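Protein chains: 2
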Amino acid sequence: MDAVTVETRRKGDVEPLVRLARDDMTVVDALIVERMQSEVPVIPMLADHIVAAGGKRLRPLLTVAAARAVAAPNGMEAPVRLAAAVEFIHTATLLHDDIVDASDLRRGKVAAHLIWGAPSSVLVGDFLFARAFELMVETGQMRALGILAKASSVISEGEVLQLTRAHDLGLDQDTYLQIISAKTAELFAAAAESGAVGAGADETAVQALRDYGQYLGLAFQLADDALDYGGQSEKLGKNTGDDFREGKVTLPLLLAAARTRGHDDGFWERTINKGDRREEDFARARELVVGAGAVGATLDVAWDYADRAKAALEVLPRSEWREALELLADFAVSRAA
Amino acid sequence: MDAVTVETRRKGDVEPLVRLARDDMTVVDALIVERMQSEVPVIPMLADHIVAAGGKRLRPLLTVAAARAVAAPNGMEAPVRLAAAVEFIHTATLLHDDIVDASDLRRGKVAAHLIWGAPSSVLVGDFLFARAFELMVETGQMRALGILAKASSVISEGEVLQLTRAHDLGLDQDTYLQIISAKTAELFAAAAESGAVGAGADETAVQALRDYGQYLGLAFQLADDALDYGGQSEKLGKNTGDDFREGKVTLPLLLAAARTRGHDDGFWERTINKGDRREEDFARARELVVGAGAVGATLDVAWDYADRAKAALEVLPRSEWREALELLADFAVSRAA
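For the record, the sequence lines run as chains A and B.
The opening position of the first sequence corresponds to residue 1 in full-length UniProt numbering, with each subsequent residue numbered one higher.
The opening position of the second sequence corresponds to residue 1 in full-length UniProt numbering, with each subsequent residue numbered one higher.
Next comes chain A alone, as it looks inside the complex (with noise of 0.2 Å):
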């Protein structure tokens, strides 16, 4: 492989996964906007106001790239209904999580709570929620099942320990990875096995992409808590600063106090500790990130577990689809690099 053909692969790409799950991912979006339906009117607008803005649907292309990727023996007809399964519980916490952060902002729209009111959001989010064991339980797979029952209890556990953890600089990064592996990464775990459990794959299969989903999710995350810093570009996205303003420690913070003790111990302590912050304190932080190289050192966290992730994929046949997969993994970082 020489040297320019390592660079392309190293700048991923996500687009090949969704041209070749276009046929399927139609049938999962019209799974999902069949199933967020309800005779009670406010219910089918507020899901449509999140989940038509939709985004990738990272989640549910991983439930229908694992099935494929071990060719579906079984049919696609239980992965496509766990894809919109894995969508439902996706924006289930969306809803839930932006009244958790009081977030203004989702998928580049007014966060629904500021629409509709926070008692709206919760009773949304858990009708989603038990919309997604409907859709499990007509797939027939208990197994699939527990995989995603067993993943929605530990994302919660995941929220409650950001909540009650992540806004103090004590926060070892043991913590901080335990917190992002369940409030993210076991999604994309859980996403990417049930897929493959619900095509039929054998168990090499299924706990290649179990790993996949699970090194691809910490990959992830790692890479948009950069991006919440401006990533390495000179240019600042339009939702950077949203961490920090809400006194949340993540990975480049963390790194960047440890890295600026005895410097800059006061800024931290009043901004993060004390919870005092003013809108000019975030082009200081990241500054002080940014210089401390916290950014880059995050990232190379994130070009490991993406590393992991490729390497899970080793024991799969080659296909389109795998190599669909490995090109996701270095697009999860590359697009904060």
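No wet-lab data here; the hints were simulated from the structure.
Take these hints with a grain of salt, some might be off.
The list treats identical chains as one, so a pair stands whether inside a single copy or across any two.
[Said to hold, decoys possible] In silico lysine to any residue, SDA-like type, Cα no more than 25 Å apart, as pairs:
1. K248 x P41
2. K150 x L31
3. K11 x Q173
4. K109 x E203
5. K150 x T164
6. K150 x R245
7. K11 x R143
8. K150 x E77
9. K56 x D264
10. K274 x T164
11. K248 x P44
12. K248 x V42
Please read these numbers as outputs of a predicted model, since none were measured by experiment.
Fit chain B to the supplied structure of chain A, relying on the hints for placement.
Below, chain B without anything else, positioned relative to chain A:
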């Protein structure tokens, strides 16, 4: 049956069922405590706060009783797990409802969201909901899982309907019944039905127990709504007036507003439709509701459902369990009469 017996039966009682189910409920309680544990400290603390406050655990009692009333041909292993899952679903909805209604008290204790904050209550509710599904998965009973998943989405639809419709006097009686059917009776129905299914009951018994649960739930909620205006006793309970203070339109209020039309429209218009309620207004509202015979009329509807609940049980073999369920149906209403 002589008049004295009729009077005694009409009084109803929950204690016979509680006594019969004592051993099963000890197993259910142990499962509840075991499965609400988590390494994340605030989760068991918050869950224990609401779970330990307990009350009669009516819903899991129903699951256990339904299984026993059909002599549990497949044993009690699945029903006790389903019972614990039912209690977790119920507890999750209580945690979320208290945020939705901004309630101060729950089961006689300070509401969890006032101690640990709304975000923790949202997330621990999600956690308990997920754990409920993990328990169900362990039973291997996909049909029971489907029943409880469906119930969960119906409950949240009922809650949204209540949130969006139950704050103006334009509410019609059908919509009111639709709301309490979804938010309350559905879980009673699913609790009994899943217990019967999990125990291996035949279809006739499954349907009978579902119907029993549904009617019991309606009777129970109607009596609760009557109790909120002090029921038919002279003595006011400590929790009367909650619905009125929240501007929640229930059957007693609906009937009273209709029956006092032309006389007290201004009072209802101000307190309910305009939401301008003062502390002294509840005394006046109660006077109008009781004076218009609306509490009695609500209880008449409740008695009718209690009768239907008992009638549904007639296809089951006579047993001390069936008799205890009959007494429970009367108790659901007699506690308010």
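Numbered hints the structure breaks, given as an ascending list: 3, 4, 6, 7 and 9
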